[in-house]
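J.: Here's the letter readout for the chains.
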Amino acid sequence: MLQKPRNRGRSGGQAERDSDWSRGGNSGASRAGEHARARRDGFAEEAPSTSRGPGGSQGSQGARRSQASPAVGPRTQKQQELKVSELVQFLLIKDQKKIPIKRADILKHVIGDYKDIFPDLLKRAAERLQYVFGYKLVELEPKSNTYILINTLEPVEEDAEVRGDQGTPTTGLLMIVLGLIFMKGNTVKETEVWDFLRRLGVYPTKKHFIFGDPKKLITEDFVRQRYLEYRRIPHTDPVDYEFQWGPRTNLETSKMKVLKFVAKVHNQDPKDWPAQYCEALADEENRARPQPSGSAPSS
Amino acid sequence: MQGSTRRMGVMTDVHRRFLQLLMTHGVLEEWDVKRLQRHCYKVHDRNATVDKLEDFINNINSVLESLYIEIKRGVTEDDGRPIYALVNLATTSISKMATDFAENELDLFRKALELIIDSETGFASSTNILNLVDQLKGKKMRKKEAEQVLQKFVQSKWLIEKEGEFTLHGRAILEMEQYIRETYPDAVKICNICHSLLIQGQSCETCGIRMHLPCVAKYFQSNAEPRCPHCNDYWPHEIPEVFDPEKQREAGISKSNKKSLRSRQH
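Going line by line, the protein sequences match chains A and B. Under the UniProt record's numbering, the residues of the first sequence are numbered 1 to 299, in order. Under the UniProt record's numbering, the residues of the second sequence are numbered 1 to 266, in order.
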């Protein structure tokens, strides 16, 4: 019979092993860190390099912290790096599902006891996400305390051939709807959307061989992912809703890009729609001007 | 393969796109990794010479070091095909699965894992795994549901199914070797040649040492009289062929696929 796994003597042995993201109660953090280091030396070939010089500001900050809150203990540079690593992976995984990431969730599932240095951890995570992976961490809307990752690399058609998943819906149904909204003056009624999509063989009530459930996709999924805003129009009978671009759309794409997409579909030039072209140009100028709130996450 | 002090490499958009796309796969075979690498060069740096894959990956790994993750290369246990996955160096848990599976599903995986490690062949039967559903943590799971969860594990390449029995996918071994060795130190089997975790392999009937099939293939290559490296007794098992990527591609269907792998290892 299989021997029960040996308790490694870490604080909360079984729980520690089973818990995955929620390693929040880091009261044994420093002890755990040492244990981890000792264990890892036993498997030398897998050991990451620990030969780092004594942390400069981080080290002294840790020492200061230990005097202020002795229960937590000093945080070595390595412990902080591990936290940043956890945070980076958390953000990557959450963003993969296209769910905007709430600060509260970050604090609960990753940061835990390290709450006092959260702004620093987030800043370092953002830097790593940008440098290593090419993702920019931005706040969905100023002061919303929710974040998304914007890909700084332009998606390329051939990416689809080498991906392991379906990728973000930057082309396809979403782009069509975004295009429709923009061309119709930035707001469009739901009834208009379906009138348009019907012509392409997409119906709210019929299963689609590519998109599955288009109604759910457009009125729920894209809305939850913040690509679209979906609002009820008051005093309408029967009830009607209107669509606008959501905050993620403005961050991930632009009026000009969407106009170019629409033009390409029609085999025409963006300038063939002068009103929209002007609007797109103005939007480009706006984007070029430095943003007041900045895209780097603030504390 | 890793030096203890590595000069930190430089990330370019070629490397970033590679990383981004690699992460969309849980695990990827070497040939597809090379294809992915070529694609990324094509997008960003058409005229550059494509780095040798090992150097390319070492460069990325030297940057990933600060995040305690790395692109790890392994070899499938049954036919020695090289595979790659992005693995965590720091956590010793099954955290990568935690985001995709519920508590009771993770516990089912743990139960299957324990049966697999404990077994003589490296395989656990569906029946034995399903008999443990009553012991699972979290929401109560019926056997029918558990069958589907096991299939989910197969589809997401954590388990391999072969004739009603389950073993660990190469991906799981790459990701969880450290966790497994630390959690079950007395039950794990180790390969006598490469000293890594062994789930499937051959064993000497006299002294009991074990070897991975690809390790057997390499060790006994062109040896007419294979003998146990430990006790020198005649090695009684069929010696598999060393994996040859060229031959495999030409053949179309590899020998391993004929050996009834229902889910194609990727």
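Hints were generated in silico from the structure; no laboratory data involved. Wrong hints could be hidden among the right ones.
[Said to hold, decoys possible] Every beta carbon over 10 Å from chain A, so not counted as near; a handful from chain B, in silico:
1) L19
2) V50
3) I209
4) K218
5) N223
[As the list claims (entries may be wrong)] Only pairs whose alpha carbons sit at most 27 Å apart, straight line, appear in this in silico DSSO-like list of lysine-lysine:
6) B:K137 to A:K260
7) A:K94 to B:K52
8) A:K97 to A:K136
[Unchecked claim] To give an idea of the chain B side of the interface with chain A (calculated C-beta under 7 Å), a few residues:
9) M11
10) R17
11) T24
12) H25
13) Y68
14) A90
Note that beta-carbon positions come from the ideal geometry of N, C-alpha and C, so glycine has one too.
J.: What hints, given by number in increasing order, does this structure fail?
T.: 1, 6 and 7
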